[in-house]
Amino acid sequence: MTIFWKKCRDRKYNLLWWVVGITAYMLMMGWYYPSISEQKEAMEALLESFPDTMWTILGLDGTIDMMSGSGFLTVEAFSIMLPICFSIFAMGIGSRSIAGEETDGTLEILAAMPVSRGQIFIENFLALLVLMATLGACLWVSVLIASRWGDMGITYLPISGGTLMVSLLGLFFGTLTLTAGAITGRRGQTIAIGTAAIVVAYALNTLAKTITSLSVIRWLSPFHYYTEGLSLNQNLQFTDALPLIIGISALAWIGFYIFKHRDIK
Amino acid sequence: MIKIQEFSKHYPGSITAVDRLSLSIEAGEIFGFIGPNGAGKTTTIRTLIGHLKPSSGKVTIFDKDAWHEGVKIRRRIGYLPGDLYLYEKMSTRALLKYLDKLRAVDTSGNLKLLSKRFDLDLDRPIRQLSKGNRQKSGLLQALCHEPDLLILDEPTSGLDPLLQQEFLNVISEMRHRGCTVFLSSHMLDEVERIADRIGVIRDGHLSRVGTVKELRSETRQAMEIHFEQPVSLNDFSNLSGVSNIETDGNLLKCINVGSMDALIKAAAQHTVTYVQSESQDLEKIFLDMYREDKT
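So the protein sequences, as listed, match chains A and B.
So that you can map any letter, position 8 of the first sequence is 8 in my numbering, and since no number is skipped, the others follow by simple counting.
So that you can map any letter, position 256 of the second sequence is 521 in my numbering, and since no number is skipped, the others follow by simple counting.
What you were told as hints is all true, and nothing was included just to trick you.
Derived DSS-like pairs (lysine-lysine); straight-line CA-CA distance at most 30 Å:
1. K362(B) x K260(A)
2. K268(B) x K329(B)
3. K329(B) x K362(B)
4. K329(B) x K260(A)
5. K268(B) x K260(A)
6. K6(A) x K362(B)
7. K318(B) x K260(A)
8. K6(A) x K366(B)
9. K6(A) x K377(B)
10. K12(A) x K265(A)
11. K366(B) x K12(A)
12. K268(B) x K318(B)
Honestly, the hints are just simulated from the structure, not real lab data.
Being a predicted model, the structure only gives us computed values, none of them experimental.
Throw the hints in and build the complete structure from the sequences for me.
Right, dumping it as structure tokens:
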């Protein structure tokens with residue numbers, strides 16, 4: 001597990017800054033929510049005036065009660081902000097893993113050690129998994145604190161479900177970039193692929209709700225499974241997370257297989 | 266130790282980097298692999314280390330397939346790449362510690378000794394090191410775990426002459442311990458000093474393999490023979506190994522390859538006053554070989 005520990009150590013300060021940023025954001029939500037709930041009637045009138053398309057752009061449907069603690073956090077944090085933050089964090093790790101080492105030239109030395117390509121890939125993937133889990137755990141704690149502080153009334157299990165879903169979504173894009181790096185060996189290309197995938201997946205999920213012709217391919221977007229499975233007012237069902245877990249596993253297997261069989265550039 | 270049989274490597278776009286190369290290197294041998302840039306040296310080396318998959322042919326080290334059994338092979342190999350990139354934020358000591366863990370060995374004793382011999386500050390971050398000192402770090406990571414086989418691509422690049430000599434001393438000591446060395450270089454004098462055999466590669470083909478002595482026997486001698494009387498060109502035509510014959514009064518100029526017996530015997534038919542022979546160095550021999558292969 002030498003490569004795994006090195007990858008975790010290399011990213012520790014980066015992880016720390018993301019934890020600080022996300023915790024600060026969640027605490028701000030906890031501080032801000034009471035002032036929103038005090039103006040419940042005026043806010044509800046405003047929200048009712050929102051067209052359905054507005055809710056769709058937010059990745060949500062109009063059934064969410066934004067004045068409830070869970071609805072407020074879903075709209076303010078879990079609909080766009082956290083998925084994008086987690087995806088960018090994961091993409092940074094994924095692109096610096098194999099593609100980063102190959103672009104920097106250090107893979108030439110690493111792959112000359114008595115370690116298999118498969119081991120290099122797996123340890124990089126495990127580091128990504130653990131770093132995402134750590135960020136997810138910190139999010140769980142900060143949401144819990146925010147919920148208590150702002151009296152949002154969200155319980156442990158829905159918080160666990162929400163943080164698991166956003167962590168899985170991030171892990172999906174992290175694995176996608178890790179795999180893209182394992183195939184191309186180029187960090188620049190990998191970042192471009194990851195960024196394009198996030199934008200296209202988000203746009204596809206959003207547009208498919210309003211454009212009927214796109215709805216048949218909505219299943220291609222990981223954001224579809226994320227928004228379908230996300231709920232901060234009820235417990236997560238394992239089947240909601242399953243499509244993302246299958247997607248992550250499939251991507252990891254593809255990256256593992258191709259990296260084992262290709263030349264190092 | 267190393268067996269390469271009919272090895273070819275093709276890249277996308279119909280580029281052939283190495284074409285049906287066959288080579289065998291025995292245990293304890295120092296093999297110098299030379300050739301111009303783009304000849305296929307690095308492709309061959311990176312295939313040995315398991316970074317590249319042969320398009321065809323077979324490459325084995327320690328009787329194990331270099332591509333399929335790379336992990337077992339690399340446990341016993343020290344490798345220095347031609348384009349050396351190390352972890353910039355690490356010091357050499359931290360780098361060696363990391364690589365030690367991957368190799369499951371402890372090289373701290375050897376590291377101390379070798380860093381003194383190469384005069385390298387082990388605790389300075391690699392990003393702050395000069396090109397020569399980075400090369401020393403690269404050499405240390407290849408040498409410290411006392412491998413059975415050293416694969417070195419341009420190992421003395423960036424080292425000053427004193428350190429080049431120190432490197433050659435270390436290689437000689439490793440050979441005495443039974444280490445096999447596969448060394449690629451364009452510094453022919455360095456290869457000549459330590460290699461038991463030399464292989465010349467050009468355009469992906471192995472054009473010559475032999476000992477330094479054998480290759481030297483192909484040395485071209487630029488000869489000038491002064492006679493007491495003018496000599497006829499016909500007396501020296503059709504002599505074995507003799508070419509480019511010119512006469513100018515009492516002077517005969519020619520190029521002799523290999524044994525001089527025929528030329529000397531033909532000259533002895535006349536009264537010789539003075540003989541001058543200019544031997545070409547190994548570098549010129551290889552340059553001629555490249556030119557011959559090209560034509």
